[in-house]
Amino acid sequence: MPTTMITIMIDDFLIRAIVAGLGIAAVAGPLGCFVVWRRMAYFGDTMAHSGLLGVAIGLFFSVNLVLGVFVACMAVAFLLVFLQRARGLATDTLLGILAHSALSLGLVVISFMPSVRVDLMGYLFGDILAVSMMDIFLIYSVAALSLLCLGFIWNQLLALTVHAHLAAAEGIPTKTLHIVFMLLIAGLIAAAMKIVGILLITSLLIIPAAAARPFARSPERMAVIAALIGALAVMMGLLVSLQLDTPSGPSIVVAAAILFGFSMIFSAVRRPGSV
Amino acid sequence: MVSHKEISQPLISAHDIDVDIGSKKILDGAHLDINTGEIVTLIGPNGAGKTTLVKVILGLLTPGHGVVKRKSGLRIGYVPQQFTIDPLIPLNVNRLMTLTVKATRAAVQQALATTGVSHLIDQSVSSLSGGEQQRVLLARALLREPDLLILDEPVQGVDFSGQVALYQLISDIRQQRGCAILMISHDLHIVMAQSDRVICLNAHVCCEGHPQEVGNNPEYIKMFGNKAAQTLGLYAHHHDHNHD
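Residue numbers (my numbering), protein chains in the order written: chain H, 1 to 275; chain W, 1001 to 1244.
If you're looking for bench data, these hints aren't it; they were derived computationally from the structure. The hints are all genuine.
Derived SDA-like pairs (lysine to any residue); straight-line CA-CA distance at most 20 Å:
{"#": "1", "chain 1": "W", "residue 1": "K1055", "chain 2": "W", "residue 2": "G1066"}
{"#": "2", "chain 1": "W", "residue 1": "K1102", "chain 2": "H", "residue 2": "E170"}
{"#": "3", "chain 1": "W", "residue 1": "K1071", "chain 2": "W", "residue 2": "D1016"}
{"#": "4", "chain 1": "W", "residue 1": "K1055", "chain 2": "W", "residue 2": "G1073"}
{"#": "5", "chain 1": "H", "residue 1": "K175", "chain 2": "W", "residue 2": "L1060"}
{"#": "6", "chain 1": "H", "residue 1": "K175", "chain 2": "W", "residue 2": "T1062"}
{"#": "7", "chain 1": "W", "residue 1": "K1055", "chain 2": "H", "residue 2": "P173"}
{"#": "8", "chain 1": "W", "residue 1": "K1102", "chain 2": "H", "residue 2": "S218"}
{"#": "9", "chain 1": "W", "residue 1": "K1024", "chain 2": "W", "residue 2": "P1063"}
{"#": "10", "chain 1": "W", "residue 1": "K1055", "chain 2": "W", "residue 2": "V1205"}
{"#": "11", "chain 1": "W", "residue 1": "K1055", "chain 2": "W", "residue 2": "D1028"}
{"#": "12", "chain 1": "H", "residue 1": "K175", "chain 2": "W", "residue 2": "L1061"}
{"#": "13", "chain 1": "W", "residue 1": "K1055", "chain 2": "H", "residue 2": "A168"}
{"#": "14", "chain 1": "H", "residue 1": "K175", "chain 2": "W", "residue 2": "K1055"}
{"#": "15", "chain 1": "W", "residue 1": "K1102", "chain 2": "H", "residue 2": "G171"}
{"#": "16", "chain 1": "W", "residue 1": "K1055", "chain 2": "H", "residue 2": "H163"}
{"#": "17", "chain 1": "W", "residue 1": "K1102", "chain 2": "H", "residue 2": "N155"}
{"#": "18", "chain 1": "W", "residue 1": "K1102", "chain 2": "H", "residue 2": "W154"}
{"#": "19", "chain 1": "W", "residue 1": "K1024", "chain 2": "H", "residue 2": "Q84"}
{"#": "20", "chain 1": "W", "residue 1": "K1055", "chain 2": "H", "residue 2": "G171"}
{"#": "21", "chain 1": "W", "residue 1": "K1024", "chain 2": "H", "residue 2": "R85"}
{"#": "22", "chain 1": "W", "residue 1": "K1071", "chain 2": "W", "residue 2": "H1031"}
{"#": "23", "chain 1": "H", "residue 1": "K175", "chain 2": "W", "residue 2": "G1059"}
{"#": "24", "chain 1": "W", "residue 1": "K1024", "chain 2": "H", "residue 2": "L89"}
{"#": "25", "chain 1": "W", "residue 1": "K1025", "chain 2": "H", "residue 2": "A86"}
{"#": "26", "chain 1": "W", "residue 1": "K1069", "chain 2": "W", "residue 2": "D1033"}
{"#": "27", "chain 1": "H", "residue 1": "K175", "chain 2": "H", "residue 2": "F152"}
{"#": "28", "chain 1": "W", "residue 1": "K1102", "chain 2": "H", "residue 2": "I153"}
{"#": "29", "chain 1": "W", "residue 1": "K1222", "chain 2": "W", "residue 2": "H1186"}
{"#": "30", "chain 1": "W", "residue 1": "K1069", "chain 2": "W", "residue 2": "G1059"}
{"#": "31", "chain 1": "W", "residue 1": "K1071", "chain 2": "H", "residue 2": "E170"}
Given these sequences and hints, build the entire structure.
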């Protein structure tokens, strides 16, 4: 009996989208704090851009698109690490090359498949109508697994973030942690594709974390506050999206940006002169 | 007999260390031994490979050639060069101290008291001054109860009177705990008088010995010039005078 009740309640696409979005925000908050602390915003962005290549490959080989996105993100992340070791070009140049090449390659590959109907806007900017119960199940599986993993490595990842050499000298397995961190980001990008879209997922990592900083006095609190701000942005954005028929991803990002603005004002009022 | 042998065994012994980065030889046959309880200062011009040698000793960098032997069970406390924390990370001193070791608040407080900064335990790390930060990092390294402390430019970003006090503190720590200390420094004139041994590095070891011996060594004078050697002499004299 309760199961049917839940099914009825959730059997509305807005509620499905909100439930899915809250799952994303719960992971994006804590993970986003590390992205902000480690100054990896553009790294995350590059991984997300390569998500479209994953969509294309997934369609081409008829495999699960979420899996395709995850694999493409990790492949580009490893390619970047490899190119960084080669010491040819600066990292921001490499990021620019990889992000846009992967995105363009994805678009080109998709254009070769005229028989496949692709809702490109949906993949790039999110589509709340597309969220199914299966997606919710997937998002919450990824979210639970990611949070569990993040909780397990939290202190070590924090030590690595504070000072990489010091952490390594004290026996922290920094290389393994870095790979696990990339896996978590790739997992989030793949899971969040339908809600915010691959082009905007990094903003859900960065904006709530940045907005949380003035309210936080410990790393853990910042992570929780970031998740709450992300959740608020998801709800505000999706309601507006339904009301005004705007794309869901951009609406969520605008909501997050407004919340970030309030956070800036709060921190300026509390400590005049020091923003 | 065996136990005697263990005591005399150096804590760390590195030999024939080569490190190349690209086509540049950063270290070329460098060697370094550190014995129980001694203060060793590593000096040398910029780019001489001082920090690289420390990274090899810490195991952060695998040398292209050479062997590093550590005494089994050796505990190292490390204070890196240029520790800057992003103000976006909300971290207090207590949390910084216990990032990689488990310790009670009382133990953290005690370690901080050793370096005279126990009042900073709840302060945000990014709000510390240069001198406070170095004392906190030193306390953090001591919390690991090290047999060897490795300090890379420990007085960087600290004002002059703070530097003198910090060196005194380092010397006191050795006296109280009997741990060996490896220091990297540019500050030739203050450091050397408190060191048991000075090693002058420029890709390889140019000269080493007691501070005054090194100060008079022609290799050293060639590298740093006459003025540096004279400064050293002056300070050593000043130090003797203080003890009288």
